[in-house]
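Peer 1: Taken in order, these protein sequences are the chains called G, R and S. Using the UniProt record's numbering, read the first sequence as starting at 1 and increasing by one per residue. Using the UniProt record's numbering, read the second sequence as starting at 1 and increasing by one per residue. Using the UniProt record's numbering, read the third sequence as starting at 1 and increasing by one per residue.
Incorrect hints may have been included.
Below, computed lysine-lysine pairings styled on DSSO-like, alpha-carbon distance capped at 30 Å [unchecked claim]:
#: 1; chain 1: S; residue 1: 18; chain 2: G; residue 2: 54
#: 2; chain 1: R; residue 1: 200; chain 2: R; residue 2: 167
#: 3; chain 1: R; residue 1: 226; chain 2: R; residue 2: 131
#: 4; chain 1: S; residue 1: 151; chain 2: G; residue 2: 146
#: 5; chain 1: R; residue 1: 237; chain 2: R; residue 2: 248
#: 6; chain 1: R; residue 1: 226; chain 2: R; residue 2: 237
#: 7; chain 1: R; residue 1: 200; chain 2: R; residue 2: 237
#: 8; chain 1: S; residue 1: 108; chain 2: G; residue 2: 146
#: 9; chain 1: G; residue 1: 146; chain 2: S; residue 2: 72
#: 10; chain 1: R; residue 1: 45; chain 2: R; residue 2: 237
#: 11; chain 1: R; residue 1: 145; chain 2: R; residue 2: 248
#: 12; chain 1: S; residue 1: 108; chain 2: S; residue 2: 72
#: 13; chain 1: R; residue 1: 167; chain 2: R; residue 2: 145
#: 14; chain 1: G; residue 1: 54; chain 2: S; residue 2: 72
#: 15; chain 1: S; residue 1: 108; chain 2: S; residue 2: 151
Over the 12 Å line for every Cβ pair with chain G, so calculated as not near, a few chain R residues [unchecked claim]:
#: 16; residue: 53
#: 17; residue: 119
#: 18; residue: 154
#: 19; residue: 159
#: 20; residue: 177
#: 21; residue: 199
#: 22; residue: 209
Residues of chain G clear of chain R, computed beta-carbon distances all greater than 12 Å [what the hints assert, rightly or not]:
#: 23; residue: 12
#: 24; residue: 54
#: 25; residue: 55
#: 26; residue: 64
#: 27; residue: 68
#: 28; residue: 74
#: 29; residue: 76
#: 30; residue: 87
#: 31; residue: 124
#: 32; residue: 131
#: 33; residue: 213
#: 34; residue: 214
Source of the hints: derived by calculation from the structure; they are not laboratory data. Heads up, the beta-carbon is just placed ideally off N, CA and C, and yes, glycines get one too.
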Amino acid sequence: MNDILQGLLEAGRLVVTLDPDLIEISIRSLEVTLSAVLISSLLGIPFGAWLAVKRFRHRRAAIAVLNALMGLPPVVVGLVVYLMLSRSGPFGVFGLLFTPAAMIIAQVIILTPLIASIAHQAMREMWAEYHDLLISLNTTRWQRIKALVWDGRRALLTASLAGFGRGIGEVGAIMIVGGNIDNATRVLTTAIALETGKGDFALALGLGFVLIGLAIAVNWLIHILSRTEVSGQW
Amino acid sequence: MKKLFLSAMLMAFAAGAAGADVMKMAVTTSFHNSGLSEILLPEIKADLDLEVQLLVVGTGQAIRLGEAGDVDAILVHSRPAEERFLAEGYGTHRTEIMYNDFVLIGPADDPAGIADAGSATAALVAISEQKIPFVSRGDDSGTHKMELSLWDGAGVGEDVRQVEWYKQAGSGMGATLNTASGLNAYVMSDRASWLKFGNKGDLELLFAGDPVLFNQYAYLPVNPEKHPHVKADLAGKLEAWLVSDRAKALIDGYRLEGEQLFTFNAGQN
Amino acid sequence: MVTQTILPLRLRDARVRKNGRVIVGPVDYELPADGFTIVIGPNGAGKTTLLRMMHGMERLASGAVEWQVAEKRARERQAFVFQIPVMMRRNVLENVAYPMQLHGSSRKQARAEAARWLELIGLAEAAERPAPVLSGGERQKLALARALIRKPEILFLDEPCASLDGRAMREIEAVLQSAHSEGTRIVMSTHDMGQARRLASDVLFVHRGRIHEDGPAARFFEHPQTPEARAFLQGDIVE
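Please build the complete structure, drawing on both the sequences and the hints.
Peer 2: Here you go:
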């Protein structure tokens, strides 16, 4: 109990003093995860919508695979990305290992199936609703996807936010591919792992509270910006 | 909103494309936990205008990073592994920089009575005979390898080290100390990690000073013939600095809770 | 702009099968180029499926649905109002503007045209409201405006007034009559015999998936030719 109290105090101290290290790693956490969420959304949302409107032979199997990929263990993703990006791996020439770019790549792999799957659920419901109209209007597949994505953007925002939630708290993959390098690839979660390793529970917990606060703040901000909570507004 | 994301991404990629004077060095957790790196790195930056990015890993992974060419140099403390690294051509040479020492930690009431042991070997034998819990790093790190060689030297073979009392944590020094603290068990640690450790609980430093516990750190630049992209010139600059009198003063002068942790010994062997 | 007319529509031996059972057909029928056709028949007779089949929304088990131009071009000259209209999750104006935007009109053009239609059907005040909160009558009006905005040659309606009160029904009927007088071919199913008598220029009587009788409305109501039609008009066939 005492440890938790000290953690709260430490979190307060870090925030109030605008600790420069804290600000740096918080910004990096946001940069990495927001970039990954953006890329994953650009990939996952159209794919989810496409899966909802396209009928093909192995569609059910594709959906099952997608849902299974949601459970990809981040540590394994991290390890595979690490081996790919290592200088002795197939993409070694780009020199991306232990850079924020590598962390973004790993998170994109983790987040895309999650976002695509949630997007697919939402789009499937909307497609059932829109089906007759869009067929009757003789729309192309691309026009259907556009209409579903645009009109379903609130639900899709939830998909992206779920991706953000998973990404911002993820440590296994980014620890491996980022290397937790001070001033280069250290983010909130890897810093927490580091401080826990040092036995400095107060600081680790303080960072943890900052992380939770940050996640809540981003969610809240996005809801405000998109006015999801304003009733009757479309 | 999108612009913000994009610029964040560009920044991220720009940070990835290393500038002229950035190099990567893999170091062991024990070195990093000592806090010495926080003294040395700013001085290196000031003297050489060189930013050394540290990858803090176990010796086993540090060596793998060097072999793969993912770092420009390694600073580790496991002689046999270092020599294999050189023999296989992954490093150009090995330069000894400094040493610190390992200590034996255990419950304050010292059930195995190692505080009065005549040697590290005797201490370990006492623990094994009474099967008092002992937590090992178990992560193929330099510290782990040192511990294993001590057990072998004490004649306590793998078959004797039963899981009922010998626990392999499979993690870094800090996490291993956390485990030992939780189990109230014996554990071997480098002195620095122990002093810096914040969750000591009921544990105390019980035994130290046997010369077999001395721990030599060596610097090995990665061979540019194996990996043409490594920054051999920067690695050379850093090496010259690490063996200089400037480094000697900083290393010997570093104190943690009043204790000297490292002894500079470059150029003495 | 002179476009070749897509009418008349010809159905040849057209059949729709669902779950292994033929639910509509075989139908051999030519829909004349002019008129206001009302499709009537008991519940479950296949009125909805017949309309959807004409519109090209049902996979044919046999036969053909033939327009005077290629199928893809013919589809663009048709519109369909469903019994439960689809309310896209956007505001009323954007719902009505949507079909125009699909066909290359600018957002501005489409919105101006949509606003004109909302004025015409009396929904102008609801323009900025989200479509899914509209009442039943308002939804049908929206669907009607959305169907008419591209000036289709033929408009299908599937029981558009099924659950509306009298006032909303008369408003819908007025819009349909004015569209018809401006040259739109209309094919509409209904349960309401009063409505059928008010609107129909000719009638298609459907029973058990087949067209039993077709012809001018006056003749059908006064002198039905088949025993099924007579029974239906007397209220003896309900299913």
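Peer 1: Is residue 226 of chain R within 30 Å of residue 131 of chain R, Cα to Cα?
Peer 2: Distance ~47 Å between residue 226 of chain R and residue 131 of chain R Cα, so the pair is violated.
Peer 1: Is residue 214 of chain G truly not at the interface, in the sense that its beta carbon sits beyond 12 Å from all beta carbons of chain R?
Peer 2: Holds, because the least Cβ-Cβ distance between residue 214 of chain G and chain R comes to about 15 Å, which exceeds 12 Å.
Peer 1: Does the claim that residue 177 of chain R lies off the interface hold, with its Cβ farther than 12 Å from every Cβ of chain G?
Peer 2: violated (6 Å)
Peer 1: Taking the closest pair, is the beta carbon of residue 124 of chain G still more than 12 Å from chain R?
Peer 2: Consistent with the label, residue 124 of chain G stays out of reach of chain R, its closest Cβ about 27 Å off (over 12 Å).
Peer 1: Any Cβ of chain R at or closer than 12 Å to residue 12 of chain G, or is the non-interface label fine?
Peer 2: holds (19 Å)
Peer 1: Please work out if residue 200 of chain R and residue 237 of chain R have their alpha carbons no farther apart than 30 Å.
Peer 2: Distance of about 39 Å is beyond 30 Å: violated.
Peer 1: Measuring Cβ to Cβ, find out whether residue 53 of chain R lies farther than 12 Å from everything in chain G.
Peer 2: Violated: least Cβ distance 5 Å, not greater than 12 Å.
Peer 1: Just checking, residue 154 of chain R versus chain G, shortest CB gap more than 12 Å?
Peer 2: holds (28 Å)
Peer 1: Determine whether the non-interface label on residue 199 of chain R survives the test: each CB of chain G must be over 12 Å from its CB.
Peer 2: The claim is violated: residue 199 of chain R sits with its nearest Cβ about 4 Å from chain G, within 12 Å.
Peer 1: So is residue 131 of chain G really clear of chain R, every C-beta pair being over 12 Å apart?
Peer 2: holds (31 Å)
Peer 1: Take a quick look at residue 68 of chain G and tell me if its Cβ sits farther than 12 Å from every Cβ on chain R, holds or violated.
Peer 2: Holds, because the least Cβ-Cβ distance between residue 68 of chain G and chain R comes to about 28 Å, which exceeds 12 Å.
Peer 1: Could you let me know if the closest chain R CB is still more than 12 Å away from the CB of residue 64 of chain G?
Peer 2: At roughly 31 Å from the nearest Cβ of chain R, residue 64 of chain G sits farther out than 12 Å, so the non-interface label holds.
In summary, the structure is inconsistent with hints 3, 7, 16, 20, 21 and 30 from the numbered list given earlier, while agreeing with the others.
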